[in-house]
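With chain A fixed as given, assemble chains B and C onto it according to the hints.
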Amino acid sequence: MNPFPWLSLLTWLPLLAGLGLLVRPIRSNRVLAAPSFIFSVFTSLISLMVVLKYAGGSETSQWEERMEWIPSLGIDYALGLDGLSVVMLTLSALIMPMALGACRLSGLTHERLAGCLLMIQGTLAGVFTAQNFFLWFFFYEIALIPAYFLIKLWGKPGSESVSLRFFIYSMIGSIALLVGYLALASALGSYEFKSLSEASATQWLPEALGKNLAWFNLPIKWIVAILFALIFGGLAVKVGMVPLHGWLPDTYEHAPSPVTMVLTALLSKMGLYGMVRMVMPLLPYTPWPLIQLTMIVTVVGLLYAAMSAMGQVSLKRMLAYSSVNHLGYCVMALLALARPAMGEASLLTAKEFALGGLAMQMFSHGLIAAALFYLTSLMEHRMPGKISVDGPGGLRAEAPHLAGWMGLAVFASIGLPGLCGFIGEFMIFRGVFALIPWAACIALPALLITAIFYLRMLQYVFHGQRKHGACSLTDLSRRECLLMMPVMALILILGWFPHYIMDLLNPTLIEAIEGMIF
Amino acid sequence: MLSWTVYLSFLASIGCFISPASRPERCRWIALTSAILTTMMALRVMLFQNPPEDGAIEIITHQAWIPTLGIHFLLGFDGISLVMVLLTGIASIAAILFSWDIETRVNEFFGFLMALIGGVYGVFISFDLFLLFVFYEIAIIPKYFLIAIWGSTNKSYGAMKLVLYSFVGSALALVGILAAFVVSGAESFALQELIQFPYEEGFQRWAFPVTFLGFVILAGLWPFHTWAPTGHVAAPTGTSMLLAGVVMKLGAYGALRVPLTLFPMGASIWREELALLAALGIVAGALVALVQQDFKFVIGYSSVSHMGFVMLGLLATTEAGLSGAVLQMFSHGIIAGLLFAVVGRMIYTRTHTRDLQALSQFDLRRQLPFAGTVFLLAGLASMGLPGFSGFVAELHVIAGAWQSYAWLSLLAGLGVVLGVAYTMRALLASFWPAPHSVPAHVQSLPPITLPEKCGAILLLAATLLVGLYPRLLLDWVIPCLHAPMLQPLIERVSTV
Amino acid sequence: MLSDATHTDLFRLIAPECIIVVTALAILGLSMGRRNDHAPGKSPLTSSLMAIAGLALAIWVNLFNQSQGHALDWTFVVNPATQMVKAGLMLTGILLVWLHLACSQEVREHHAEFHALMLFALTGMALLIGSNHLLMIFVALEITALSLYVLAAFDKRESWKARNALKYFLIGGLSAAFVLYGFSLIYGVSGSMSLPLISQSQQGLPIDPLLLLGVIMALVGFGFKIAAAPFHWWVADVYASTLTPVTGLIASASKIAGFYVIGRFLWYGFPQAAGKLSGFSWSQGWLPWIAAFSLLSMVIGNLAALRQQRIRRLIGFSAVAHTGYALLGLASPGPQAMASIAFYLLSYGVSVIGFLALLRATGQQDDRIEKGPLTGLWSRSPWLAACLMLLILSLAGIPPLVGFLAKFNLFVAALNTPGNFMGWIALVVLALGTSAVSLYYYLGILKEAFCREPANEIPSHTSEATHSEMTLILTCTLITLILGILPGWLLSTLVASFQQSPT
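Residue numbers (this note's numbering), protein chains in the order written: chain A, 122 to 639; chain B, 66 to 561; chain C, 260 to 762.
The set of hints was computed from the structure by calculation and includes no laboratory data. Please note that the accuracy of each hint is not assured.
[As the list claims (entries may be wrong)] Computed list of lysine to any residue pairs in SDA-like fashion (alpha-carbon distance at most 20 Å, straight line):
(1) C:K630 <-> B:Y222
(2) A:K273 <-> B:Y222
(3) C:K426 <-> C:P465
[Unchecked claim] Per the computed footprint, the stretches of chain C lying under chain B, defined by three or more beta-carbons under 8 Å from a beta-carbon of chain B, are:
(4) 652 to 660
(5) 665 to 675
(6) 697 to 710
(7) 746 to 758
Backbone N, C-alpha and C fix where the C-beta goes; we use that ideal spot for every residue, glycine too.
Chain A extracted, bound-state conformation:
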């Protein structure tokens, strides 16, 4: 056991600092170097240090922090690392300071807002390192409160109902998740994620369900189906899967752009992470018709999202729907893992691709969406209310750097080879094609549609004639560039050298695949 509780530090330091800032906001006149920003950067540096140390080959168990908490239910305060956690920690470490910086750069200098963001940073660390459901859910729920206030208090006018809708959707999802997982945990007798995956791997899971959840003598398949529906449905709300995405476009549009950055890049990943930890072990036992049904809904949904994005006028809404679309790929990949491989080597490889693609896409979508919303926030700050999908045009001439980086981000989102977006999408499709071909076929047009609306947006916003307006767009300042450098650099590098990330992930992924008994 690591003598120093780094993971707890990563979790509680920003959480308590954020809380402190909420109670006593400390103003700062500097552009960037406000206390909140400093805290965030500090935490991120520690996270990166932890990640590097982990990558340097230290034992996973070395990072585990465990303390007895509620013995009557067998719940411990347990934080730990594995491949996926580490990657997510990196993501959050990269993006949170960027978000806080974007806030200050776009004029949102309320320290309370920053305090809320800091709290979210802490809960993110908690969610990604929690080893049992109780602790995971603890941080998952707590994150809702600062998010709610961020949208409500600092969003566009008219945010009350939007924020309320966000909160209610999220709560309903959380409670469905809670109720479902409680059943599962009480059947297994433990809340630890490890025990869930072990039970799944050793085929003890259906037995345990049958023994301990004797509900009206339902067949075990039905019980698993109910649990799957509850857990998956609950998490799908967070991820923003169609048809449970009703809260998403309005929320993304009304929230200030840096907040949207965090929402899309990080909070939705909470849901996906949860799916990997909780839904994946259930997949081998879920009845195949249910999987198929869910797959259909997912795939049609992501197609629908892509098409909706095409019809949007507001830039942020378009980006919102695009997020739904991209995350849909991840869910598709997850569901494809349910296809029984029966030991066939090609199918096993396909599963590795799918899962690897899922993880990679989680990371790269985070980076890309962050970049997109970052640049959008800067644009909005300079030309409030004038940016839309159709206008204003000709910005490239006035702000070539801005246009360039935006273009990079857009191309990454489209999935251009050489940028990280391609890697993830490629791996996903490669895997899904082999496992559930018809799903991949249906999802394919979405890639095309994505390209269409993004390029269209680029064309109308940056190229072409200037449509209206006298105010001009100043180009990126050095500070702004610097802030987004790490993310942009990674987008570029990972496109060519994805193994940096994949090496971190691979051991965990292989273990997971082997754990799925088929």
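Positioned in the frame of chain A, the structure of chains B and C alone reads:
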């Protein structure tokens, strides 16, 4: 030592009654001192004594009282009693603090309040069923006067309804106790003796529902709950805090101690039907709370909903369910106290209205920021957000309930969702109204006083502490569930 | 046949009663000797003190100096049980005399006659307690009744009061007729008038329907006396129109004696004819009838009391209800059950006397509930209000007061009958249910007293009780409270005394 909680409260009550009316502050301090001392007694036991491994009952006082009837003055405590005593202590301190500014007939108010508290303490530490019943009944009469004299909306009607329902419930419970005593041919009314007799199934078949219903009428089981919102709304703030926070728990505690302990066979026969009522209460209470216009009614109905969790947990009769029920009793006691305190004391005495529409005119968030924060935190706690005690309690209850009956757990989950809805509605309407509805000039409101602040902080601290470190309470409660008293109940369920 | 007891033994047996009679005669004699005793406004102090002294002496003789035994073929018995109950009776008598002394503005003249009549009534009741022979019972009953008729009509100032007294007299006469007729049937069947001989003669025989009819008729007659439904119609009117001490006498002492005699009559005289409660076996025994009377009393008494707006009438109907509860104690013959009835009635008597005294202290003739003498008592006199609360709650049966304990005792006794368990459980449940109803109207009185502001415009409502009134009220309240918390000694004594009295 704990028996002094009862004696001290009654002494304080008499002291308040006979103190001259010209010096009201004396009564307040008498009451407050008594409450603080009794809470410290409970804390001392909880923190400095180790919970007994086998969950045994520690007897404090044992005196023969009425030999011809076999009644003994038998006081004792085990883990569950201790948790409830602590709850009573904390809630009573808060109730007194929030009643600090009562102007009329002060000494009678505190006299009745302390008598009520004394009766409640007595129930929690009696182990002779006759004595338990005596204290249970003693607690009924002060409630009437507290509501009928110092109450607000519909106070006469509310008081009478509350008292009559309580009395009827206790009458039913008495029938059960008497029947057990007579049928078993026991020498005394002591609980440990009455358990020894193996009651036959036919007897338990009717004795259990009668006794159980008798006790849970006071706990607000649906559909016998209608006295609760009326009564709680009619009562003055300090009394509402105690009523919803502690007195409703008397019913649940009684249900745990008497019918569930004495008649486990009957419990397993009637479990599903009664649990259905509990689950329906969770949902029905929440649904009705959702449409209320009077703030206090929202909280009154939410109390019915939360107590449904307690009863669901009790009827689940698994270890998780029972410990969840006890936790929820503690947690809801604190949280209900907080909510009533904010609405009744902090808001109503200043704005003289509880209507949600009218409150949005007051710009409360700027005028009373402390109240706003407290209510926000209380609302979050009531919703069951992790970090507060409600979450841990509801988790235990649902986990326990899953093992026994599936659909009811789903209903409970629905109840939680509805809880979020009505709490948000009330919270938003009062503290975060839509900007256009707030008039430009609002009259200023007097600030929150020091006793109110202390009371609120005390309650918030309690719910946070238990939420983050529930072992404080669970370490005492869990061994009790392994004790010979409750073991047959739990075992019976797991074999069924 | 006379037994070989001598006249001295005989006298010793009825010594307490003799003492009371002598006291009464002395009071009468003294008043006749003083010329202006008939003048209105004269204080009754002398007469009262003499009465109290006489009663006290009687109690002392009763408890400590008396021999036990029986006389004249078991006509009259003295055993520990009768001693205890008589002592309680006479204690109630002392309280009543005190009540009269304290509330003397009510009666302005004829104090001596009043006291004498009360003492005569008490004598009758005491004889009733010791009777063991049907004729003896009847004679004692008549002594009591005649005294009570006159006492009931004592206040001649308003015509409606005289009308009610006449009603009482006529109904009482009717009840006596019933009793006598029942007795004649019993004599006809069993051939004897002495209770133990009657039970002996019926041993081993099946229940004779004529005998049962006789018993039931006698019960009807007794029922009038103890205000059991459906023979209770006189109660409310009489309570409203009689003087306060007389109301107290009827409410407390008369009931004690009445119940004792019924208990002995039924259980010592006809134990085999008890019958079962289940299966509606009306013709198999008298127990179902008792249960029916109990049920009717509880229900009718409480429901009727709900609608009353005058306190005295309310007390009357609640007295009917209390009779109903007490009848539950007749379920079994054991010493526990009889002791529980005795305890119940004694404590009830004390509470009622206290309450009546309080009523007198707060308002002269007015006895409305709303805007009546009790309204706003909390601010007019907090001590009186506190006593009111304790007395009313004792009547309602709320712990820790004696009323609750006494009821509880009754329930335990009723449920301890061998067999018939479910039947008695149903009655107990009903008793508890009707107690809830009674709580409603009792709380209504308390609401008037505590939750309303005092009405200023009624000058006749006094706020101050005189010292003697206050002391009486406090004494009654304290007895109620103390017996509620520490009833052990009294209960044990009663049970022991009943245990030692086989006949």
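Consistency of the hints with the structure:
1. Straight-line distance between C-alpha atoms of C:K630 and B:Y222 comes to about 19 Å, which keeps the hinted pair within the 20 Å bound.
2. Of the pairs offered as hints, the one joining A:K273 and B:Y222 is violated, with about 42 Å between alpha carbons and a cut-off of 20 Å exceeded.
3. The hinted pair formed by C:K426 and C:P465 fails the criterion: a straight-line CA distance of about 40 Å is larger than 20 Å.
4. With a cut-off of 8 Å between beta carbons, the region 652 to 660 of chain C has 4 residues touching chain B; three or more are needed, and the interface restraint holds.
5. Here's how the region 665 to 675 of chain C fares: 6 of its residues keep a CB closer than 8 Å to some CB of chain B, so the rule of at least three is met and the hint holds.
6. With a threshold of 8 Å between beta carbons, the proposed coverage of the region 697 to 710 of chain C by chain B holds, since 7 of its residues qualify and at least three are required.
7. Evaluation of the coverage hint for the region 746 to 758 of chain C: fulfilled, as 5 residues show C-beta separations to chain B shorter than 8 Å, against a requirement of three.
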